[in-house]
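Q: The residues making up each chain are set out below.
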Amino acid sequence: MRKIEAREITEAVSRLCQQANFELGQDVLQALKKARQREESPLARDILDNIIKNAGIAREEKLPLCQDCGTAVVFLKVGQDVHITGGDLYDAVADGVCHGYAQGYLRKSMVSQPLSARTNTGDNTPPVIHTEIVPGDALKIAVMPKGGGAENMSRLVMLKPGAGSKDVTDLVVKTVAEAGGNPCPPLIIGLGIGGTAERTMLLAKEALLRPVGQPNPDPEIAELEEAILKRVNSLGLGPLGLGGAITALAVHAEVMPTHIASLPVAVNLQCHSARHQEVVL
Amino acid sequence: MDTLPIASPINAGVIDKLRAGDRVLISGVLYTARDAAHRRLIEALDSGKELPFDLVGQTLYYLGPSPARPGQVIGSAGPTTSARMDGYTPPLIAAGLRAMVGKGSRSPEVKEAIKQHRAVYFVTIGGAGALLARSIKKAEVIAYPDLAAEAIMRLEVEDFPSIVANDIHGGDLFQQGRASFQKDSL
Ligand code: SF4
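Protein sequence lines correspond, in order, to chains L and Y.
Using the numbering used here, read the first sequence as starting at 72 and increasing by one per residue.
Using the numbering used here, read the second sequence as starting at 343 and increasing by one per residue.
The set of hints was computed from the structure by calculation and includes no laboratory data.
One should not assume that every hint holds.
Straight-line Cα separation of at most 25 Å, BS3-like style, residue types lysine-lysine; simulated pairs [to be verified]: (1) Y:480 - L:133; (2) L:301 - L:104; (3) L:124 - Y:480; (4) Y:457 - L:301; (5) Y:457 - L:105; (6) Y:457 - Y:359; (7) L:301 - L:105.
Stretches of chain L that chain Y covers, calculated by requiring three or more beta carbons in the stretch to come under 8 Å of a beta carbon on chain Y [as the list claims (entries may be wrong)]: (8) 108-117; (9) 296-308; (10) 333-342.
In this text, all values refer to a predicted model and were calculated from it rather than measured experimentally.
For glycine and all other residues, C-beta sits at the position ideal for the given N, C-alpha and C.
Based on the sequences and whatever the hints tell you, model everything.
A: See the structure below:
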């Protein structure tokens, strides 16, 4: 049994919330620079230049990349030989979010009751936490601040089991086309295929944690990713939806087994402010 | 590409000349408002109460900034999705609102109000809040402080980069831009 103090978890989450909001990943930055080279529209090239410049300013000045510092989505991979001491695991994570968002001058965007009250909780808690128990004695924490603009354009569809990759492709293309400029393209498209309704939505979100443009190891799925990317980029939406060749930087698809009667497909859109940071304790 | 410097509040003569796709640098005053502030503005209009500022001729920026660090004017300050304001916008335009800054396309009703009342909708760079903060020289909460990040602020900006998305002539950059680069009709 390896012991990990709850306090260590709080500190790690606080740090990750800030780092994620200030520092755009190198993979995203490289993908944006490549997009800048391939973009055909002069206005879109200028927008991409500004997005790249924004990342530099955010990193230097410790200013959030985007004013929407997101829902704090936290992925935990808890080794089954880990024993958390000195506090409750989920409280430790929430305390880290509360501390990180205060210390980093990050925007607090969570409201308590979603229907009528919609009162801001004031500290960006509660986070959304996804926990997986894995072999080993390590604790992996990934923090993904997820903005509302892109999250709002997500979609879940239960396709007929006989539907193939063409229907999946059409669904993604339609989702992106209808979202237009709202989710701040260029996008990274998280795609979950299989499982159940709720599980495939999570699969789509988890796919966004992959380094940008790294293909799925299954050649058939990698091919599907590429085909969808090509179709999406032929829409002409471009950066911010103002026209251009680059609507998406990458498609990340994940698949899992499903029921004989089902083909659940989830699309989770990620804006160009694709923020996530992780640590292993 | 050429950029046109314009002053806000924007005078009516300038509005007539703006065309979808024009790039502008706005200097002057912007008022921030998001969903919750819009709801209150509309309530005030509907019940004949006085608005917290004179809307006539003004420019709204759909913004809820991140908090300013000590000594800073504002935190990160990019646009939020304008479509969420679509339902509230035509009455505000009818009441004298002249310009809006946000991200994403607008509803047919908003576009119609823009044409009818001679207004303009600009987009600025979504997700570039750290960069855009540099153009904001002063920020002061003037109404609804209880709404925190959604309170109405009066901003003074210098060379705030924006692009005309919808003009009084019916021009729509979202449609035009996409049409020029579309290779697939679904
Ligand atoms: S979609 Fe992303 S980049 Fe755009 S405003 Fe929201 S969080 Fe920021």
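Q: Kindly indicate which numbered hints from before are broken by the structure, ordering the numbers from low to high.
A: The structure breaks hints 4, 5 and 10; every other hint is satisfied.
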